[in-house]
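J.: Here is what each chain is made of, one letter per residue.
There are 2 protein chains.
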Amino acid sequence: MSAEASLPSMETIGKTFAGKNVLITGGLGFIGSNLAIRLVDLGAHVLLVDSLIPDYGGNLFNVEQVASKLTVNIADVRDPNGLRYLVKGQDFLFNLAGQVSHIDSMEDPMTDLEINCRSQLSILEACRYINPDVRIVNASTRQIYGKPVELPATEEHPIHPTDVNGINKASGEMYHQIYYDVYGLRTTSLRLTNTYGPRQLMKHNRQGFAGWFIRQVVQGEEILLFGDGEQKRDFNYVDDVVEAFLLAAASDVACGQAFNLGAKSPTSLKRFVELLYEVSGEAPNYRIVAFPEARRKIDIGDFYTDFSKIEATLGWTPTTPLTEGLSRTFAFYRENIERYLS
Amino acid sequence: MSAEASLPSMETIGKTFAGKNVLITGGLGFIGSNLAIRLVDLGAHVLLVDSLIPDYGGNLFNVEQVASKLTVNIADVRDPNGLRYLVKGQDFLFNLAGQVSHIDSMEDPMTDLEINCRSQLSILEACRYINPDVRIVNASTRQIYGKPVELPATEEHPIHPTDVNGINKASGEMYHQIYYDVYGLRTTSLRLTNTYGPRQLMKHNRQGFAGWFIRQVVQGEEILLFGDGEQKRDFNYVDDVVEAFLLAAASDVACGQAFNLGAKSPTSLKRFVELLYEVSGEAPNYRIVAFPEARRKIDIGDFYTDFSKIEATLGWTPTTPLTEGLSRTFAFYRENIERYLS
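Protein chains in written order, with our numbering: chain A, 2 to 343; chain B, 2 to 343.
Source of the hints: derived by calculation from the structure; they are not laboratory data.
A few of these clues could be false.
Identical chains blur together in the list; that is why a pair holds if it fits in one copy or across any two.
Derived SDA-like pairs: lysine to any residue, alpha-carbon spacing no greater than 20 Å straight-line [to be verified]:
id, residue 1, residue 2
1, K271, D240
2, K70, R296
3, K265, V254
4, K16, D241
5, K148, V183
6, K21, D80
7, K310, P159
8, K21, R39
9, K271, L226
10, K70, H205
11, K21, A259
12, K148, H161
13, K298, V183
14, K265, G185
15, K148, P159
16, K298, G209
17, K89, D42
18, K271, L342
19, K204, L61
20, K310, E157
21, K148, R85
22, K16, Y287
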């Protein structure tokens with residue numbers, strides 16, 4: 002059998018989840034809800050846990066189209082008692098609950114710690130005692146690398162976060178690693194980069210620029226681009242990210258490992274903004290301005306990853322071109338923007 | 002001025018602390034109390050904060066000889082309100098409070114997180130708002146490197162802890178770094194390796210082997226050496242470690258940096274045990290046995306550091322030969338062992 006032949010196909014993966022119990026923390030959020038919809042399609046029994054913290058990404062509208070086919074449990078991952086009950090009997094746990102704003106993590110570092118660090122440990126403790134066989138995939142982030150010393154960044158890039166959020170996410174990932182090493186919990190972490198697509202938070206601009214810029218184009222507002230616009234980033238369409246979660250969960254070879262996601266080529270922020278106008282057909286309306294101090298201090302310049310490890314190990318590669326992903330994104334928000342504003 | 006001439010001398014350093022307000026968290030513990038005694042000698046106004054948690058290293062006897070010359074405040078670093086008051090008006094903060102047992106961190110990971118991770122963030126928040134000019138030196142640990150991929154380990158060695166304690170200590174150190182980078186708090190971290198000497202915890206064997214073995218020799222008990230005894234480690238006598246804290250605190254060039262401590266040459270555990278008998282004059286009484294499972298899983302094999310960075314930057318080098326340090330250690334415990342048993 003060749004190496005390629007041994008890679009899981011999405012067809013096999015579909016069967017992996019049919020009839021299985023799947024828990025998604027942060028399941029009403031951006032990536033969680035897209036994953037949930039896909040898992041419902043694949044025949045899984047999906048349980049979403051989300052706390053619907055007002056400033057976070059959880060949004061009941063995100064799963065409206067499948068509301069009758071899954072279960073929503075409003076709970077906070079900071080509550081260890083609730084979690085101990087909810088992990089019981091699950092075959093898969095997608096661990097996506099998180100505080101994702103770098104800015105907020107500096108203003109309120111304790112909340113970031115509680116959610117991204119303490120709750121992760123709490124969930125792993127619950128699994129260790131209550132459900133040690135559950136397959137866990139954890140949403141980590143390229144933010145743990147901080148300002149890159151080498152590009153593209155592989156998984157061996159030094160862990161050197163530049164904000165409290167990055168530190169706590171690094172801890173969360175390391176706990177997943179240790180619980181595999183020491184207790185054999187079957188954990189995998191995916192280090193996400195800039196994900197965009199339908200169902201992303203758009204209420205404020207503290208959770209990354211992609212969703213915010215898209216909202217501004219849809220609403221005809223001027224985009225302010227910080228720095229010189231030449232900072233390079235790698236963008237993933239959310240469906241490609243969902244596929245990575247499914248592939249990781251379905252493959253025991255991924256246990257005890259962390260994988261970068263990434264794009265086939267990086268894109269400058271200015272080019273990203275230009276593409277927003279090209280794809281949407283709106284008239285360009287943006288301005289390049291100096292960094293506000295608080296953001297400049299935690300800006301990391303260019304960043305893009307080498308994702309060859311997950312490509313070689315799990316056969317994952319992003320398949321949605323940026324123009325195609327943006328086109329689908331605009332179609333979604335043009336129809337639903339009101340559901341993402343308040 | 003040559004590079005050497007610009008390095009601080011211990012004479013200059015003595016003057017740095019005279020009349021200054023110094024807070025030591027974990028000040029009744031092993032390194033904290035030795036540091037406190039030295040700072041009292043240097044004329045500092047020393048305030049010790051310690052929670053005297055029964056299984057930890059805090060021991061009022063540790064500072065008995067200087068009890069009238071310093072202030073002891075029993076408080077837990079997990080209490081943010083207390084800390085906000087206590088950091089006020091301090092010129093120096095030596096941040097040594099910690100849960101240091103790797104074993105305990107796996108049994109009770111939440112307590113380890115609260116003390117080594119959450120409390121560090123809480124202390125830094127207190128300093129940021131209440132006393133942003135305080136000079137902070139943080140006790141980090143070589144444990145954050147985990148199982149070494151390269152020896153001797155420099156500060157660039159990957160951060161890859163093998164237990165919960167190592168993860169939380171890594172977070173604690175990274176918070177100190179970020180609070181320098183973003184808020185300009187003048188923080189330095191020292192990554193301690195195996196420290197031994199007077200005033201170390203000896204009540205149980207969950208805080209490292211050095212103190213435990215010394216106790217066993219003093220009490221005529223058989224030493225059980227796990228593995229094959231060939232694992233190499235680097236040992237620092239506590240007075241050398243105290244000197245590193247003083248040098249770091251006195252030198253603004255150390256702000257925003259982390260430094261390894263280390264020994265001039267590594268010593269195998271078997272050789273360390275043999276030295277214990279040679280120096281103490283007791284008859285050898287030890288046995289090499291297989292690792293208990295829980296310890297084997299978090300054992301890291303050989304470990305020793307490259308400490309050339311602190312040598313070049315601060316002029317620190319350990320000056321106490323192992324035989325000399327052990328000799329002083331045995332002299333101390335022969336007289337005081339009863340104060341360390343319960």
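J.: Compare the structure with each hint and give your call.
T.: Here is what the structure says about each hint:
1. Taking the shortest alpha-carbon separations for K271 and D240, neither the intra-copy value of 24 Å nor the inter-copy value of 56 Å comes in at or below 20 Å.
2. When the C-alpha separation of K70 and R296 is checked against a cutoff of 20 Å, the pair qualifies neither within a copy, at 41 Å, nor between copies, at 46 Å.
3. Proximity of K265 to V254 under the C-alpha cut-off of 20 Å is found in neither arrangement, the shortest distances being 24 Å within a copy and 42 Å between copies.
4. Proximity of K16 to D241 under the C-alpha cut-off of 20 Å is restricted to the intra-copy arrangement: shortest distance 19 Å within a copy versus 62 Å between copies.
5. Within a single copy, K148 and V183 get their C-alpha atoms only as close as 31 Å, which misses the 20 Å cut-off; across copies the closest is 14 Å, which meets it.
6. For the homomeric pair K21 and D80, neither the shortest alpha-carbon distance inside one copy (25 Å) nor that between copies (44 Å) is at most 20 Å.
7. For the homomeric pair K310 and P159, the shortest alpha-carbon distances inside one copy (16 Å) and between copies (18 Å) are both at most 20 Å.
8. Taking the closest pair of Cα atoms, K21 and R39 come within 20 Å of each other only inside a single copy of the chain (13 Å); across copies the shortest separation is 63 Å, beyond that limit.
9. In this homomeric assembly, K271 and L226 come within 20 Å of each other (Cα to Cα) only inside a single copy, at 8 Å, whereas the closest approach across copies is 62 Å.
10. Proximity of K70 to H205 under the C-alpha cut-off of 20 Å is found in neither arrangement, the shortest distances being 30 Å within a copy and 55 Å between copies.
11. For a Cα distance limit of 20 Å, the shortest separation of K21 from A259 qualifies neither inside one copy, at 24 Å, nor across copies, at 47 Å.
12. Taking the shortest alpha-carbon separations for K148 and H161, both the intra-copy value of 7 Å and the inter-copy value of 19 Å come in at or below 20 Å.
13. Within a single copy, K298 and V183 get their C-alpha atoms only as close as 37 Å, which misses the 20 Å cut-off; across copies the closest is 6 Å, which meets it.
14. Taking identical chains as interchangeable, the C-alpha atoms of K265 and G185 are never at most 20 Å apart, the minima being 33 Å within one chain and 38 Å between chains.
15. For the homomeric pair K148 and P159, the shortest alpha-carbon distances inside one copy (10 Å) and between copies (16 Å) are both at most 20 Å.
16. In this homomeric assembly, K298 and G209 come within 20 Å of each other (Cα to Cα) only inside a single copy, at 15 Å, whereas the closest approach across copies is 39 Å.
17. In the homo-oligomer, the alpha carbons of K89 and D42 never lie at most 20 Å apart, since the shortest distance is 23 Å inside one protomer and 58 Å across protomers.
18. Within a single copy, K271 and L342 get their C-alpha atoms no closer than 25 Å, and across copies no closer than 66 Å, so neither meets the 20 Å cut-off.
19. In this assembly of identical chains, the alpha carbons of K204 and L61 lie at most 20 Å apart only when taken from the same copy (14 Å versus 54 Å across copies).
20. Proximity of K310 and E157 under a CA criterion of 20 Å is satisfied intra-copy only: 11 Å inside one chain copy versus 23 Å between copies.
21. With identical chains, the CA atoms of K148 and R85 are never at most 20 Å apart, being 37 Å at best within one copy and 32 Å at best between copies.
22. For the homomeric pair K16 and Y287, neither the shortest alpha-carbon distance inside one copy (46 Å) nor that between copies (57 Å) is at most 20 Å.
Hints 1, 2, 3, 6, 10, 11, 14, 17, 18, 21 and 22 from the earlier list are contradicted by this structure; the remaining hints agree with it.
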